[in-house]
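Construct all of the structure, not just a fragment, from the sequences and the given hints.
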Amino acid sequence: MTDHEQVTPILEMRQISKVYGNGVYANQQVSLSVNRGEIHALVGENGAGKSTLMKILFGMEKPDQGEIVLEGKTVTFRSPQDAIARGIGMVHQHFKLVDSLSVTENVTMGYEPVKRGFIDRKTAKEKVSKIAELFELQDELDTATGKLPVGIKQKVEIIKALYRGAQILILDEPTAVLTPQETEELFDQLMKLKSRGYTVIFISHKLREVKQISNRISIMRQGKMIDTVDTDGITEQEISSRMVGTNYSKNLAKKAAEPKEVLLQVKNLTAVGMNKKEVVNNVSFSVRAGEITGIAGVEGNGQNELIQMITGLRKIDRGSVCIMGRDTGKLSIQELRELGMSYIPSDRMEDGLAVSMSIGENLISTKLKDRRLYRHHLLSKKKIRDMANQLVRDYRIKCDSQETPVSMLSGGNMQKVVVAREFTQQARLIIAEQPTRGIDVGAAKFIHEELIRLRDENCAVLLVTADLEELYQLSDNILVMYDGRFSAYFPNPDQVSETELGNYMLGVKIQSETEIGRGCHEEEKPAI
Amino acid sequence: MGQILEIIFTADFLHSIIRLSTPILFATMAALISERAGVINIGIEGTMLFASLMGVVGSAFTGNVWLGVLCAVVSGIAFSGLLSFFHLKLETDIVLTGIALNLMSSGLTIFILYILTGDKGVSTQLASKAVPNINIPLIQDIPVLGSILSGHSVLTYLAFFLVIALAIFLKKTKLGTYIRAVGENSDSVETAGISVNMVRLKALLISGAISGLGGAFMSMAYVNMFTKDMVAGRGFIALAAEAMGRGVPGLSMLSALFFGMADALSNNLQLFNMPSELTRLMPYAFTIVALGIYAAREQRKSKA
Amino acid sequence: MKKKNLLFSSATTVLAITISLVIALVIILCVSEQPGQAVTALLLGPLRSTRLIGSIFTTAIPICFTGLAVCLMFQASMFNMCAEGSFFLGALAAAAFATKVPLPGILGLAGPMLVGAAAGALLCLVPAWLKAKLNASEMVASLMLNYIALYLGLYVLNTYLRDQSFGALASEKLPDSSKLDKIIPGTSIHSGIFLAIFFIVLCFLLLYKTSLGHKIRTYGQNPRFTKYAGIKVGSVIILSQVLGGAIAGIGGSVEVMGMYERFQWTSLPGYGWDGVILAILARNKPQYVPLAAIFLSYLRVGASTMASNTDVPKELITVIQAIMIMLITATALLKGMKQKMVIKEALSSGTDS
Amino acid sequence: GCQSKSEPAPQETNGAAADDTKKEDAGEAAKPEESKAPEEGKDLPKIACLLNGNLGDKSFFDSANAGMKLIKDELGCETNVIEMGFDNTVWETTLYEVSDQDYDIIIVGTYQMQEVLEKVALEYPDKKYIIFDSAVSYDKEDYSNVYSISFKQNEASYLAGALAAMIAADDSLPLSNGEKMISVVAAMDIPVLNDFIVGYIQGAEDTVPGTKVAVSYIGDFNDTAKAKDLAKAQFNLGSSVAFNVAAQAGLGMIEAAAQNERYAIGVDADQAMALKETQPDQSKVIVTSVLKNIDQVLLLSVKRHIEGTLPYGKEEALGMEENAVGLAVNEVYDGIATADMKSKVEELQGKIQAGEIKVPSAFEMSEDEISQMKSSVAP
Ligand SMILES: Nc1ncnc2c1ncn2[C@@H]1O[C@H](COP(=O)(O)OP(=O)(O)OP(=O)(O)O)[C@@H](O)[C@H]1O
Ligand SMILES: Nc1ncnc2c1ncn2[C@@H]1O[C@H](COP(=O)(O)OP(=O)(O)OP(=O)(O)O)[C@@H](O)[C@H]1O
Ligand SMILES: [Mg+2]
Ligand SMILES: [Mg+2]
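Chains as they are written, first to last, in this note's numbering: chain A, 3 to 530; chain B, 13 to 316; chain C, 168 to 520; chain D, 620 to 998.
Which chain D residues face chain C? A few, computed with CB under 10 Å, are given here: (1) Glu-702; (2) Asn-707; (3) Val-735; (4) Ile-809; (5) Val-811; (6) Phe-840; (7) Glu-986.
If you are wondering where the hints come from, they were derived from the structure by calculation, not from laboratory data. Don't be surprised by glycine CBs; every beta carbon is placed ideally from N, CA and C.
Below, the structure written as structure tokens:
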């Protein structure tokens, strides 16, 4: 922390309050002060109000109270334009790029040089490439962003912000989708920017990173700003306890797995994507009752397609999937679920829930065959209510009643609704995709414990996650996926270090067929 | 049957295809521009109808064709301005608003006509002007081609010119690029510092202006009068044409021509006393079939 | 929260209706020589005689059916506009069956209605199938199909059903056994009204008390989730629309059997579009459909009394309706107010979320 | 279009802005009567006329409306015209409403009102009803209080057909190609309109055997654009004269004629005169028009009612003698038709009136006979 002399706050947010249309009180008199040229971390549970605060700073949401002071002047942002004009740039957790447009077009969008009414592509490219050099991206300028890997997309987002003359750069959970290596690279670049006098605000759930990169940390809890502290003066443990409000440990009680019969058997599975490329390429493995198999990998290496084929959301192009020994090729999703499969999707808002419907209605959506919900052949409000309330209690879903629309819950609680439904299906095979993405420590821990409980009750669990910490905590064995294939299989997580794992995730290293073949567990127990 | 073929390969027939396609082409381009901005404008039908009345009224009161056309365009813009206001400002559902506007238009036009002339059917009371047909100097002398391509209404040539103009506009201009971007991923545009609503508004207004031209063509060129509900579903066919053209101006133009062809065919089949009801449903039936085939193809693509 | 939403949606509705009526008055004042008469005719005309009061209900019956049909489809967010065509074909099919296969007693009523339902369902099956199997836009398809239904219907009417001895294009007279009897003397209210009520209840139960209804509503809210939840998406898409079509078809049969001597429409009667208006007024909730229907037909009857007694054409009403729909769907209409209320509450109630 | 409520009553075709023309030929027609103006003191009937459509159709209903005006102006009766619109469901209600009031005569028109009237008339035996262009079924019930008028449009159409055929066969005429082909653009395939077509075809065949007649139906009464498309197709095929048997829609046909430089035959009102001011170029190609003077007929009927000579309880079919139908003879006609064409037309007219020529009527023909007739002359 070299530059302690320049502590003039470049930005101050004073007494900011924000209430969303659905009544959620997301920010409550929040104050934040950021110094020029510092990397300022913003941490907090889900729904703590971090993104909201930043969306307000970026002019995407209007504060109901409070003021923003930028370099001493009070400013009001009616839209992102205003914020951008005042030198604020934001990189969103979910990238905001137009896939069909080239890098240049995306970067210059809204600020294109114009000649005779037409866009002046040449000048545009020149301007962009100046900034792109910083990130060694000059050569990609004409490629459509849709084709780029996640890591690069993020760079494009940063370039986009800088092109617009951002002095203050907001990054919302930038590392959630990055490998350790990519994260390192990102941090180097952030340091570069810092040294050039840029100010960075950095949102993350990963406290270790926060410790590593930031100068100061602001901690939010339930819409309130708890404190802002110097990074040196505080430990991860302290941060998390102040985030959650209570002091508790993350480590889980977990006894060794006792794998039994194979419940999920995948053989030579292949998915052909657009432009005829094999997005999943001849993949074989199996998951046994009583074990948690983790699949690691950078997003977009085929995990998603793999899961979609296993869960029946995508048709199988080649190969086979057997659940409980039955080939699922011909089965409908309904039949799969009846076979005993349940699935926590990575995108809860899109796949896991009908957010505008009530919690209760969401909970029964997969249980409509359950006669206990009916009274003389008609769905009974009362019986649904009882059942829903039961689950709301069991899974500690924070809400005023089971009639509240799901859209009014925070990410974490939305996820709990999904989990509550999926874990009460009497399923034998549980497929959990990013089960705690963007979910606070408390909720995450709860879900982890549930997964382990089910494992011990002899379920087979297939876990796909980009969060290595989670992967290590839960998995009994690990498969690494790279470019549609498995690049490694580890019968035991302790065998491999995070950096090592990172190498396999990036395809720097790849195991031999036979090593990977062990993932099928044939020698141990044949599939029924 | 032989006779039918004879007719189909006459210059007259091909000439009529172009004539019949023109209003659909206008509507299709109107649908295209708004669709690319991510708003499906089913109000085109009503917008055209309203514009076609206003064109007649305008030209009748000013006594000048072009002022009439202008009047149609302006009212087209006004109508889609209304749509934009409700959809973008008051956040109504675009489809429902479109339907509402169509219903409104078919009543409002009769209402206005009645107030102005005491008639509810035709605008013959109003001495409106017709947009002139023009012969293109060189082309008209080419033997067959001349009689096919020449001698159309000014607006017809404008329609085909519009196709090229739109293609360039979408590809090369700022607004065009924004429109494509908004259609594909609106919130990236918003966060890039462009007001999505502004882009959509502009797209819708352009769409309205084009519909206005289409309306003007209906009542000042296709025929020289306004009659109630005279757009007769062309605004709807356009939606199909746009879809089948995948939002690409050139392809959309082709599907518009295809429907014009179906229309021309149905007019001629009647002459060999084929049941009029059946011939009249042909263009619509073609549309459905084409739509199905198109969708099937798209799906196979996405599956692969 | 839930209650507040209800409050605001009903407030929006009331506001919308008031605004559009005010607009109506303004227009009348602008165009009419005898505005006073016109306004009174519009607002009170329908109450002038029992016969007119009766016709409020007879106008409400057909649009109740199409309204319900559209509710079903819109609940699944299927923008299928075929209610129009289904109603038309339903009426035609019913008339065809009634005239070609005259059945005695209750069969004389049930038979044609079932055939009408089938015809309506069949028509809606096309866009539904295209959507489910090929993912083609059901809306565009249905818009085309309305015309196909019309011309196909006219062809059948003209070639197979028409009454040679009758001057206009119309079917044979319906046999008395296939006519719904008038239930209130001095008015043309017919027993179809009971059917309407029956179907309102039926649709309510279907949507809110059965698993199919739940599936339909879920699909309407989030198709991807429906698929994920293991619900057969195709069947939901198809059933919602086919049922809608069937109801519209029955509506058509009821209308022709209750109000007409014979089938004699030679263009689409427009009840399907009324259905859309109704569904919007009722916010896709079957239980509100009757109210909306009565309201709408009161306006209609008012409009035609106004038209026949004053110089204001009744097309005025279509303009008003349109404005009404748009305002009602204008979620943002009271947003500002709602937002303020929400904020006040939240800020006062302190923490939450 | 979205919301087109029900169907326009089958309007026997239509003419353009005909009001002024109507008045003037009304004038002529009225002249003979004017001498014996209504005797004062004699209490005049109060008359209501219900139109199951809308005014402004430039033909049927406008003509009836004009008739009511005449009745008011010339006979001094108290009259009221009520537009009921196209929504069939309100007609019955309205007819009841009106019957309850103190009108002496209630006038309705078209086949669509027939059955409604048959129902209501029985319940109000002491009211008098006149239905024009249709007839209640006297054989079924006692309708002694209803007088029915139907028109012999087929007779006038016969002359039109004869004239058209002669023109089409004579390529010395500037706009005729001598290919012996004529055509009809009709609104709908319904008896009332087919009655025109049948007469037209018969007239053509009798005069110039082997003449081809192309018949196209629009499908409704207001789609001028479609009418124009169909007419253009006919002209492209070689038709020299097109007959307008479509309501407003027919105007599109006349446009096509002017554009493709062929002849047109108007209908109902004298369309050549009607379009003279607004569309001179179109007026020039309208050889003649098949007139149908509803206004005259209504005036006459009410007069006879006052005189007590109106035969209630029976149907009268009015043709050329009664000046109910006829061909429009005007300067355009004189300009185009050659001398022997005119004399031929007059000769035929005489024969029809003398009953020597029996013009077939669509009302007496079966569906098959009609379509057979059409296909026998189809190009
Ligand atoms: N657009 C919105 N409409 C309504 N409520 C919202 C909206 N966005 C956020 N919320 C609510 O506001 C609260 C704060 O959300 P916010 O996104 O700021 O949390 P966060 O700290 O970013 O959580 P995460 O760690 O998941 O990003 C949450 O309870 C959320 O449910
Ligand atoms: N439109 C909305 N209506 C209601 N709640 C919303 C809405 N948008 C977001 N939320 C809630 O706010 C939470 C955070 O929302 P935000 O848009 O900030 O996404 P985010 O910060 O990326 O969160 P996450 O990390 O869960 O993706 C979401 O998890 C959701 O619960
Ligand atoms: Mg966030
Ligand atoms: Mg987040």
